[in-house]
Amino acid sequence: MTGELGQLALCLALALSLMQAFSGFFGAARGNARVMAMGRGAALGSFVFIALAFFTLMFAYVTSDFSVMAVAENSHTAKPLIYKITGVWGNHEGSMVLWMLILGIYSAAIALTQPDGTHPNARLGSNALGVQALIAIAFLIFILLTSDPFLRLYPPPFEGNGLNPLLQDPGLAFHPPLLYLGYVGLSASFSFAAAALLDRRNDAAWVRRARPFAIAAWTALTLGIAAGSWWAYYTLGWGGFWFWDPVENASLMPWLIGTALIHSMMATERTGAFKSWTLLLAIAGFSFSLIGTFLVRSGVLNSVHAFANDPRRGLFILMILFVAITSPLVLFAWRAPKLAPGAAFDVVSRETGILFNNLLLTAAAATILIGTLYPLVLDAAEGIKISVGPPYFTATVIPMMALLAMAMPFGPMLLWRRGDVKASAYTLRYPFAFAVLALILALAIARPFSVLGAVAVGLGVWLIGGSITDVLRRAGDWRRLRLLPPTAFTSALAHAGLGVVALGVAGAGIWKDEAIQVISPHQTMQVGGYTLRLEGTERVQGPNYIADRAEITVLSKGQVITVVHPEKRSYPVEQQATTESAIRTTGIADLYIVLGDPRGGGGWVVRAYFNPMAPFIWLGGVIMALAGMTALGARVAAALRTRRQATGLAAEPAE
Amino acid sequence: MKRRYFTRFGCAPLMLLALSGTPAFAAGEQPEESTYVAPLANPVLEARARALQKELRCLVCQGESIDESNAPLAADLRRLIRQQMQAGQSDDQIKAFLVARYSAFVLMKPPVRQDTFLLWFGPMLLVLAGAGAIGVIVARSRQRLGVDEIATDLPTETPQGY
Numbered sequence: 001m002t003g004e005l006g007q008l009a010l011c012l013a014l015a016l017s018l019m020q021a022f023s024g025f026f027g028a029a030r031g032n033a034r035v036m037a038m039g040r041g042a043a044l045g046s047f048v049f050i051a052l053a054f055f056t057l058m059f060a061y062v063t064s065d066f067s068v069m070a071v072a073e074n075s076h077t078a079k080p081l082i083y084k085i086t087g088v089w090g091n092h093e094g095s096m097v098l099w100m101l102i103l104g105i106y107s108a109a110i111a112l113t114q115p116d117g118t119h120p121n122a123r124l125g126s127n128a129l130g131v132q133a134l135i136a137i138a139f140l141i142f143i144l145l146t147s148d149p150f151l152r153l154y155p156p157p158f159e160g161n162g163l164n165p166l167l168q169d170p171g172l173a174f175h176p177p178l179l180y181l182g183y184v185g186l187s188a189s190f191s192f193a194a195a196a197l198l199d200r201r202n203d204a205a206w207v208r209r210a211r212p213f214a215i216a217a218w219t220a221l222t223l224g225i226a227a228g229s230w231w232a233y234y235t236l237g238w239g240g241f242w243f244w245d246p247v248e249n250a251s252l253m254p255w256l257i258g259t260a261l262i263h264s265m266m267a268t269e270r271t272g273a274f275k276s277w278t279l280l281l282a283i284a285g286f287s288f289s290l291i292g293t294f295l296v297r298s299g300v301l302n303s304v305h306a307f308a309n310d311p312r313r314g315l316f317i318l319m320i321l322f323v324a325i326t327s328p329l330v331l332f333a334w335r336a337p338k339l340a341p342g343a344a345f346d347v348v349s350r351e352t353g354i355l356f357n358n359l360l361l362t363a364a365a366a367t368i369l370i371g372t373l374y375p376l377v378l379d380a381a382e383g384i385k386i387s388v389g390p391p392y393f394t395a396t397v398i399p400m401m402a403l404l405a406m407a408m409p410f411g412p413m414l415l416w417r418r419g420d421v422k423a424s425a426y427t428l429r430y431p432f433a434f435a436v437l438a439l440i441l442a443l444a445i446a447r448p449f450s451v452l453g454a455v456a457v458g459l460g461v462w463l464i465g466g467s468i469t470d471v472l473r474r475a476g477d478w479r480r481l482r483l484l485p486p487t488a489f490t491s492a493l494a495h496a497g498l499g500v501v502a503l504g505v506a507g508a509g510i511w512k513d514e515a516i517q518v519i520s521p522h523q524t525m526q527v528g529g530y531t532l533r534l535e536g537t538e539r540v541q542g543p544n545y546i547a548d549r550a551e552i553t554v555l556s557k558g559q560v561i562t563v564v565h566p567e568k569r570s571y572p573v574e575q576q577a578t579t580e581s582a583i584r585t586t587g588i589a590d591l592y593i594v595l596g597d598p599r600g601g602g603g604w605v606v607r608a609y610f611n612p613m614a615p616f617i618w619l620g621g622v623i624m625a626l627a628g629m630t631a632l633g634a635r636v637a638a639a640l641r642t643r644r645q646a647t648g649l650a651a652e653p654a655e
Numbered sequence: 001m002k003r004r005y006f007t008r009f010g011c012a013p014l015m016l017l018a019l020s021g022t023p024a025f026a027a028g029e030q031p032e033e034s035t036y037v038a039p040l041a042n043p044v045l046e047a048r049a050r051a052l053q054k055e056l057r058c059l060v061c062q063g064e065s066i067d068e069s070n071a072p073l074a075a076d077l078r079r080l081i082r083q084q085m086q087a088g089q090s091d092d093q094i095k096a097f098l099v100a101r102y103s104a105f106v107l108m109k110p111p112v113r114q115d116t117f118l119l120w121f122g123p124m125l126l127v128l129a130g131a132g133a134i135g136v137i138v139a140r141s142r143q144r145l146g147v148d149e150i151a152t153d154l155p156t157e158t159p160q161g162y
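Chains F and W, in that order, are what the protein sequence lines are. Counting along the first sequence from 1, when you hit position 467 you're at 467 in the numbering used here, and nothing is skipped either side. Counting along the second sequence from 1, when you hit position 74 you're at 74 in the numbering used here, and nothing is skipped either side.
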């Protein structure tokens with residue numbers, strides 16, 4: 001019964017989305033407050049039904065209802081409860097329902113923050129809800145026609161196929177939902193941009209409405225990517241954290257465009273510069289999200305993330321992609337030339353800095369797109385197979401990012417409209433000196449010798465130092481730091497976060513130390529200045545796996561530091577094995593120990609890595625996300641204050 | 001401390017960022033002897049071999065290099081690289097040999113050829129075109145900016161409600 005309930009809920013959500021589209025556009029065109037209010041109601045209703053479908057699906061997983069095909073194919077009774085819940089989105093059908101749920105969350109948030117019908121911005125929001133509804137309609141039809149999560153199986157099997165053990169990890173609870181909150185969240189900016197074009201709005205009102213959603217999406221995307229990278233790092237058993245895998249690229253492209261967008265929006269909202277460009281970026285951001293969805297879901301890419309090929313699905317998403325990208329672009333080409341030019345600024349100004357940022361970020365996103373699609377196109381066009389792997393991306397994208405990092409500390413220093421580059425350079429003299437010092441030290445001390453690593457360290461220190469300088473400059477004095485409003489820290493946090501990431505990438509990518517050895521109990525091996533002693537191994541039984549667990553004592557200078565237990569698990573249902581690496585972190589370096597296979601004579605292959613600065617990669621991501629949260633928090637607080645004042649004013653005449 | 005060559009963990013579990021349903025690997029079942037390649041005695045040659053391995057694709061894997069892969073083919077290639085290096089072949093000669101055998105698909109870094117021209121120079125052209133466009137935009141904007149307008153630093157942002 002529950003399966004049919006979920007399917008019905010999806011159909012009702014589709015019906016309400018149709019109503020939302022109609023009343024959103026029609027109400028805005030007529031300026032009819034009651035029709036517009038109906039659109040808001042429909043958006044909330046649609047969200048409620050999608051949530052109902054989502055939780056119905058979750059119920060089917062939790063109760064192991066194998067008459068539902070998606071559950072039978074991806075779940076198992078012996079699986080721990082947490083993985084029954086997160087397993088909902090560990091497959092194509094369920095992940096599309098999660099995608100819809102998050103689209104619904106953003107639509108509902110737009111509806112709830114929508115001003116009343118008489119407000120000058122009411123039509124803008126109403127059109128935006130209309131556009132959100134069109135996206136929802138397209139994807140609901142996609143789900144119902146090609147990827148029905150509630151499809152029945154008769155007769156139901158006694159047991160399910162289980163979930164890929166690699167996905168039976170707490171990472172599955174955080175990574176996909178955060179990633180989707182990010183790139184589906186870019187739909188809000190897209191919808192407001194399209195609404196502004198529909199409404200022939202020539203001001204920054206749409207930016208003011210869309211910016212909080214863009215910041216929220218960017219924050220979630222940052223955390224989602226960081227979570228995925230961390231998950232890969234601790235699970236895959238050799239300490240890698242970024243692979244330029246096509247699916248990672250699919251999440252990085254919207255992140256780069258989203259980063260460009262939140263900077264460009266800042267200029268448009270503050271000074272009225274680059275009005276058309278910001279519109280275009282908002283359209284591009286969600287377009288890249290859709291391209292990512294297509295690449296991941298269609299199976300055109302040779303990637304472990306891709307699901308089984310189903311040409312119908314690919315074609316359907318390709319059609320959505322085509323319509324969703326071309327129609328706003330046509331609208332843009334038609335309407336944008338009629339918009340008044342953006343506000344003027346001088347050659348040296350923060351606006352120019354933001355243009356530079358936008359140039360490099362969009363070029364980096366375009367490069368990743370070229371690199372990801374080129375082998376497909378060349379194969380299709382001429383039957384020639386080539387590989388575009390990590391060396392290509394390091395050679396093209398990294399220099400762009402380095403150039404950007406060199407300029408970044410100047411951004412917040414320069415004044416709007418007309419800046420003074422000499423004064424800013426003078427302000428930045430200390431961070432510059434520290435950066436050069438760090439670069440020289442890295443060249444002189446760090447081994448293996450690496451110019452690339454030294455440059456990354458120099459840039460990291462430059463970014464962190466630049467941010468500290470920026471905050472101190474705003475406060476005037478470190479004793480007055482407490483008096484600064486939270487928003488004074490946002491750009492400093494975001495830029496410093498990237499600097500911290502640069503340090504981590506240099507350390508874990510270039511200066512890691514690795515050792516592999518076959519050791520028997522009571523024998524030792526060396527890595528990164530630590531001595532590891534294998535005490536023994538034992539067989540342990542987990543809820544749905546059997547593991548070999550080693551006990552390894554870590555010593556430094558003869559002193560016992562800790563005892564770790566790396567595991568090698570084998571999942572009988574799925575017939576797969578995973579490694580549970582033991583990671584001991586000091587906060588600035590990781591000791592990463594993996595148990596390999598048993599060898600003759602009681603020996604075990606043990607692999608150990610010393611990854612200096614590795615935790616900085618994810619710490620930097622969290623710092624960047626904190627910047628987003630600070631900006632968002634200030635906006636939410638301001639909105640609440642405005643609302644309270646408004647109700648206060650409304651109450652006054654009654655006295 | 002001595003660095004040693006080792007075989008990496010699996011062939012397919014390259015990444016699990018998204019939601020793979022592909023049951024693709026069985027790392028524990030790989031025979032360890034066949035994928036273990038003893039390091040060369042000459043540390044300079046060994047370092048070269050390690051570097052070269054990262055640039056060659058494991059042809060039977062999902063986008064892994066032969067440095068990361070645990071597939072038997074990758075191990076064979078690692079062994080082959082070492083043999084050829086000891087025979088005095090240069091990196092380029094070894095790459096040319098592998099490309100002749102497996103096509104350019106084996107190279108993680110695609111070669112610069114006529115059909116990869118856009119791939120390699122497209123990004124640079126994009127940046128240059130974009131920089132040109134920015135030059136024009138900034139120059140035009142400067143013209144519109146009246147000389148009488150003084151530089152204004154807007155105060156620290158105060159967020160507004162809706």
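The hints are simulated quantities; they were obtained by calculation from the structure and are not laboratory data. Please note that a few of the clues may not be correct.
What the hints assert, rightly or not - Here are the simulated distance ranges between beta carbons:
{"hint": "1", "chain 1": "F", "residue 1": "402", "chain 2": "W", "residue 2": "132", "range": "41 to 49 Å"}
{"hint": "2", "chain 1": "W", "residue 1": "42", "chain 2": "F", "residue 2": "536", "range": "55 to 63 Å"}
{"hint": "3", "chain 1": "F", "residue 1": "330", "chain 2": "W", "residue 2": "139", "range": "25 to 33 Å"}
{"hint": "4", "chain 1": "F", "residue 1": "472", "chain 2": "W", "residue 2": "103", "range": "36 to 44 Å"}
{"hint": "5", "chain 1": "F", "residue 1": "315", "chain 2": "W", "residue 2": "143", "range": "15 to 23 Å"}
{"hint": "6", "chain 1": "W", "residue 1": "80", "chain 2": "F", "residue 2": "144", "range": "21 to 29 Å"}
{"hint": "7", "chain 1": "W", "residue 1": "100", "chain 2": "F", "residue 2": "452", "range": "44 to 52 Å"}
{"hint": "8", "chain 1": "F", "residue 1": "644", "chain 2": "W", "residue 2": "139", "range": "23 to 31 Å"}
{"hint": "9", "chain 1": "F", "residue 1": "402", "chain 2": "W", "residue 2": "92", "range": "21 to 29 Å"}
As the list claims (entries may be wrong) - When the alpha-carbon atoms are kept at most 20 Å apart in a straight line, the in silico SDA-like pairs for lysine to any residue are as follows:
{"hint": "10", "chain 1": "W", "residue 1": "54", "chain 2": "F", "residue 2": "77"}
{"hint": "11", "chain 1": "W", "residue 1": "54", "chain 2": "F", "residue 2": "449"}
{"hint": "12", "chain 1": "F", "residue 1": "512", "chain 2": "W", "residue 2": "50"}
{"hint": "13", "chain 1": "F", "residue 1": "385", "chain 2": "W", "residue 2": "44"}
{"hint": "14", "chain 1": "W", "residue 1": "95", "chain 2": "W", "residue 2": "50"}
{"hint": "15", "chain 1": "F", "residue 1": "385", "chain 2": "W", "residue 2": "73"}
{"hint": "16", "chain 1": "F", "residue 1": "512", "chain 2": "W", "residue 2": "105"}
{"hint": "17", "chain 1": "F", "residue 1": "385", "chain 2": "W", "residue 2": "50"}
{"hint": "18", "chain 1": "W", "residue 1": "95", "chain 2": "F", "residue 2": "449"}
{"hint": "19", "chain 1": "F", "residue 1": "512", "chain 2": "W", "residue 2": "103"}
It should be emphasised that the depicted structure is a prediction, and the values quoted were computed from it without experimental measurement. We treat Cβ as the ideally placed atom computed from N, Cα and C, and that holds for glycine.
Hint check:
The beta-carbon spacing between residue 402 of chain F and residue 132 of chain W, approximately 21 Å, falls outside the hinted interval of 41 to 49 Å. At roughly 37 Å, the beta-carbon separation of residue 42 of chain W and residue 536 of chain F lies outside the given 55 to 63 Å, and the hint is violated. Checked against the hint of 25 to 33 Å, the pair residue 330 of chain F and residue 139 of chain W passes, with Cβ atoms roughly 29 Å apart. In this structure, residue 472 of chain F and residue 103 of chain W break the distance hint of 36 to 44 Å, their C-beta atoms being roughly 57 Å apart.
The beta-carbon spacing between residue 315 of chain F and residue 143 of chain W, approximately 49 Å, falls outside the hinted interval of 15 to 23 Å. Between residue 80 of chain W and residue 144 of chain F the CB atoms are about 52 Å apart, so this pair departs from the stated range of 21 to 29 Å. Checking the proposed 44 to 52 Å range against residue 100 of chain W and residue 452 of chain F shows it is violated: the Cβ atoms sit about 31 Å from each other. Take residue 644 of chain F and residue 139 of chain W: their Cβ atoms lie about 47 Å apart, and the range 23 to 31 Å is violated.
Between residue 402 of chain F and residue 92 of chain W, the C-beta spacing of about 27 Å keeps the proposed range 21 to 29 Å intact. Among the hinted pairs, residue 54 of chain W with residue 77 of chain F is inconsistent with the structure: their alpha-carbon atoms are about 41 Å apart, more than 20 Å. Note on residue 54 of chain W and residue 449 of chain F: the hinted pairing holds, with a Cα-Cα distance of about 18 Å set against a maximum of 20 Å. Restraint check for residue 512 of chain F and residue 50 of chain W: the C-alpha separation of about 14 Å stays at or below 20 Å, so the hint holds.
Under the criterion of a C-alpha separation no larger than 20 Å, the hint pairing residue 385 of chain F with residue 44 of chain W is inconsistent with the structure, at around 33 Å. A hinted pair counts as satisfied when its Cα atoms are at most 20 Å apart, and residue 95 of chain W with residue 50 of chain W qualifies at roughly 14 Å. Distance restraint check for residue 385 of chain F and residue 73 of chain W: the Cα-Cα separation of roughly 19 Å lies within the 20 Å cut-off, and the hinted pair is therefore satisfied. For the hint pairing residue 512 of chain F with residue 105 of chain W, the CA-to-CA distance comes to about 29 Å; that exceeds 20 Å, so the pair is violated.
Our distance criterion of 20 Å between C-alpha atoms is broken by residue 385 of chain F and residue 50 of chain W, whose separation comes to about 25 Å. Of the pairs offered as hints, the one joining residue 95 of chain W and residue 449 of chain F is violated, with about 25 Å between alpha carbons and a cut-off of 20 Å exceeded. Distance restraint check for residue 512 of chain F and residue 103 of chain W: the Cα-Cα separation of roughly 33 Å exceeds the 20 Å cut-off, and the hinted pair is therefore not satisfied.
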